[in-house]
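Okay, here's what each chain looks like letter by letter:
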Amino acid sequence: MKEEMDVLEQTIGSEYKYGFVTDIETETVPKGINESIVRLISKKKNEPEWMLNWRLKAFAHWIKMEEPQWPNVTYPPINFQDIIYYAAPKKKKALNGLDEVDPELLKTFEKLGISINEQKRLTGVAVDVVMDSVSVATSFKKQLAEVGIIFCSMSEAIQNHPELVQKYIGSVVPMTDNYFAALNSAVFTDGSFCYIPKGVRCPMELSTYFRINTENSGQFERTLIVAEEESYVSYLEGCTAPKRDENQLHAAVVELVAHRKAEIKYSTVQNWYPGDANGAGGIYNFVTKRGICMGEYAKISWSQVETGSAITWKYPSVILKGDHSVGEFYSVALTNHLQQADTGTKMIHIGKNTRSRIVSKGISAGRSQNSYRGLVRVGKNAINARNFSQCDSLLLGDQCGAHTFPYIEAAHPSAVIEHEATTSKIGEDQLFYCRQRGIDTEAAVALIVTGFAKEVMNQLPMEFAVEAQKLLAISLEGSVG
Amino acid sequence: MLSIQNIHAAIEGKEILKGINLDIQPGEVHAIMGPNGSGKSTLASVLAGREEYEVTEGSIEFLGKNMLELSPEERAREGLFLAFQYPVEIPGVSTTNFIKSALNEKRKYHGLEPLDAVAFLKLMKEKMQLVEIDKALLTRSVNEGFSGGEKKKNEIFQMAMLEPKLTILDETDSGLDIDALRIVASGVNKLRSKDNAIIVITHYQRLLDYLQPDFVHVLYKGRIVKSGTKELALTLEDQGYDYIKEEFGATTI
Chain S
1184 MKEEMDVLEQ TIGSEYKYGF VTDIETETVP KGINESIVRL ISKKKNEPEW
1234 MLNWRLKAFA HWIKMEEPQW PNVTYPPINF QDIIYYAAPK KKKALNGLDE
1284 VDPELLKTFE KLGISINEQK RLTGVAVDVV MDSVSVATSF KKQLAEVGII
1334 FCSMSEAIQN HPELVQKYIG SVVPMTDNYF AALNSAVFTD GSFCYIPKGV
1384 RCPMELSTYF RINTENSGQF ERTLIVAEEE SYVSYLEGCT APKRDENQLH
1434 AAVVELVAHR KAEIKYSTVQ NWYPGDANGA GGIYNFVTKR GICMGEYAKI
1484 SWSQVETGSA ITWKYPSVIL KGDHSVGEFY SVALTNHLQQ ADTGTKMIHI
1534 GKNTRSRIVS KGISAGRSQN SYRGLVRVGK NAINARNFSQ CDSLLLGDQC
1584 GAHTFPYIEA AHPSAVIEHE ATTSKIGEDQ LFYCRQRGID TEAAVALIVT
1634 GFAKEVMNQL PMEFAVEAQK LLAISLEGSV G
Chain P
187 MLSIQNIHAA IEGKEILKGI NLDIQPGEVH AIMGPNGSGK STLASVLAGR
237 EEYEVTEGSI EFLGKNMLEL SPEERAREGL FLAFQYPVEI PGVSTTNFIK
287 SALNEKRKYH GLEPLDAVAF LKLMKEKMQL VEIDKALLTR SVNEGFSGGE
337 KKKNEIFQMA MLEPKLTILD ETDSGLDIDA LRIVASGVNK LRSKDNAIIV
387 ITHYQRLLDY LQPDFVHVLY KGRIVKSGTK ELALTLEDQG YDYIKEEFGA
437 TTI
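Sequence lines, in order, name chains S and P. Quick note on the numbering used here: the first sequence kicks off at 1184 and runs consecutively. Quick note on the numbering used here: the second sequence kicks off at 187 and runs consecutively.
Simulated from the structure, these hints should not be mistaken for lab results. These numbers come from a predicted model, not from an experiment. Yeah, the Cβ is synthetic: ideal placement off N, Cα and C, and Gly gets one too.
On the chain P side, residues computed to face chain S include the following (Cβ under 10 Å):
id: 1; residue: Ala234
id: 2; residue: Glu238
id: 3; residue: Glu259
id: 4; residue: Arg263
id: 5; residue: Ile276
id: 6; residue: Gly278
id: 7; residue: Val279
id: 8; residue: Ser287
Whole structure, please, built from the sequences with the hints as guidance.
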C-alpha cells in the first residue's frame, strides 16, 4: 500500500508550460472597485449610456450581495479592492490585420500553440483572442460576414450592434443572478460576441482564446452567442495564464441563446494556471455559464475539459424552455495537487418533451478535491421530460477526494430521471500489468485516464480533442511514478 | 538467454527465494513445479520486476544485460513477457488500443517506427487465428467482464502480438476447462520457436502434456530441489509432492 502511494505520488506533479509572462506595454486602471472605476472602464471603452447604466445597476446590486459559501471549496477571503479590474495591451492605433499586431503578442500566441496564422490556414478555425481584458485579434471576420455571421469582440459589438447586445445581454444570466455574475456585469471588460442569422450553418468552428497576463488583474469577460432559428454554430474556448504566486480571479459570464431548431455547441478547454504543487498561486475560476433553448427543438450542448485553475466553480447550464428542446453537458474535470473543483450543471426543464443528458467524469489526483454538483429540475408543465445523468469518478492515490452532489426536483409525474454513478481507482496492479507490457507508468496513467474520459472527449471537435488529450496527460505528469 | 545465479528475494522482510540457479537457452521450455507456497509465483514476480519483492542476493542476466537494473517496462521491451495468473481488468481501455500501445512502446525502444493502423490490423488478424480468440473481445475493455478462459486466451494473444524472447506462463492452466486449456496450449505451441524460450509455472501435469517441456524443475521452500526431464513431472503426478517434502523438508529448516 505504501509503495503504491509513492508510485502514484511521483507521477502527479508536472510543470505548467503556459506559465510565461509576456513583456508587453499594458494600460491599467488603479486597483480596487467603486462606482468611479465602473464609470472609468465604461468611459475607456467609449460605451453608450445604456451600457454604463446597466453596469452601475449591477454594481449597486453587487455591493449588497455576499460571496457564496455553499461550494465544496475553501480559500482565503478575496480582497476585491486589491484587484485591477481593467488591463489592456496598449494599442497605438486601430488594427487592420494581424501584421499590425504587436510582435510580442504574436509571440505569446505562438508559445501558446495558437499561432493565429497557422490556425487560419490549416484548420479554418476563426479565432478571437482576449488578452487580460481586451480582445486583441479576431480572425476570419470577413469571410464570416459574407454569410451574415457577426463574430467580434464584445466591445465592438456594443459599438456596432448595440440593438443586439441590448436585447440579449443579461437575458440568460441576469446581472443579479449571483455574486460573481453581478461583479462581472459591473466591470466586464471584453469578451466575444457571436450572432448567427436565421438558417445559417456556421461554416467553421469559432474560437476564443483567453489569456490573463497582467499581475494582480482579474479577468472579467462576457461571451454572448445568439443563434437564430434553424442555425448552427460550434464554439471553442481555451484559456491559460502565467505562473504567479498570488491567486488571480477570473469571473466570466457566458450566455447562449438558441432559437427554434437552432443548435449551439460550446466546448471549453480550461487550462488556467492551477498553482504549484503546494497550492501557492493559481486562478480562481468562478464562472457563470448558461444557455437557453428559447424555441422548440433547439439544442445546446456544453462540453468542457477542466484541468487548470486553483479553484473551479462553474455549472454550465441549460434552460429548456422550448418544447422538444435538448440540453447536454459533457465534462471532464481533472484536479491534481491542491486544486479544488466544484463543477457540474443545471438542466431546467420547462417545455414539454424536453430532454437532457449529463455525462461527468471527475479525475482526482494528489491532494485535490473534485466535486460534481448537478441539478435536474422538471417544472410543473414539463410533460414527458427526460434526463439521463452519468457521474463517474476516478481516483489516483488515497489523498484526494471525489464527491457527488446530485439534486433532483421533479414537479411533473411523467418525468423520467436516471442517475448513474461510479467511483474507481487506478490500482498498482493495473499499472504493473501495463508496465509488464512495456507501457511505462506515465503512459499507463494517460491510457487509463483517456479511456475513462473517452465519452466526453468524443464530443469535442477534432482539433480540440487532440489538444485536450495531451492536456490530460500533461496535467497528470509525475502523478504516478 | 536467461541466467539466474543464486537469487535470494524477500517480501516485507520475509525471505521467499533462497538461492535459485537456473539457465535457460533459446528454444527451451522449462517447467517449474512445486507445492503451494514454494516460491513459484515469487520467481515470476522477481523476473518481471515487481517492486514489492526485494532481491537481496544474486544476479540475473537476460540477453546479456543485468536484468536487476532494468525497470519492469524495460524488461518487457527487451522481450520478457509474463502471462499473469490473474490478468488485470482495465476499464475504459480497449484491448486493441492497449496492445497497440504496448507494441509501439516496444518498437520505439528498439528504434522502430510505430506500426500504422493498417499494418497493425493485419498483424492482429494473423495472430487472432493463431490463438483462436474472438474478435469481439478485442474491442472490449482489457479483461473487463472476461471469463477466466477469455482472460487467459487474451494473455496468449498478447504474447503472440508482442513476440517475446522469453515468456513466463504463471499458472496459465489454473481455472481453465479442458477445451480452453487445449486452445491456450496449442496457441503457445504455435508460438514456440528455436529463438524464444518459455518458463511454465504450474501445479499440474495436464498443461505439460500439451507443451512437452525440455526440463522440469521442482521448487520447494525457495530452492530448486530437483531438476530433470519431462519424466520428472510424471513421477510427481504419480507420487504427489509428499515425497519431495519427505526428501527435502528437513534440510531447509
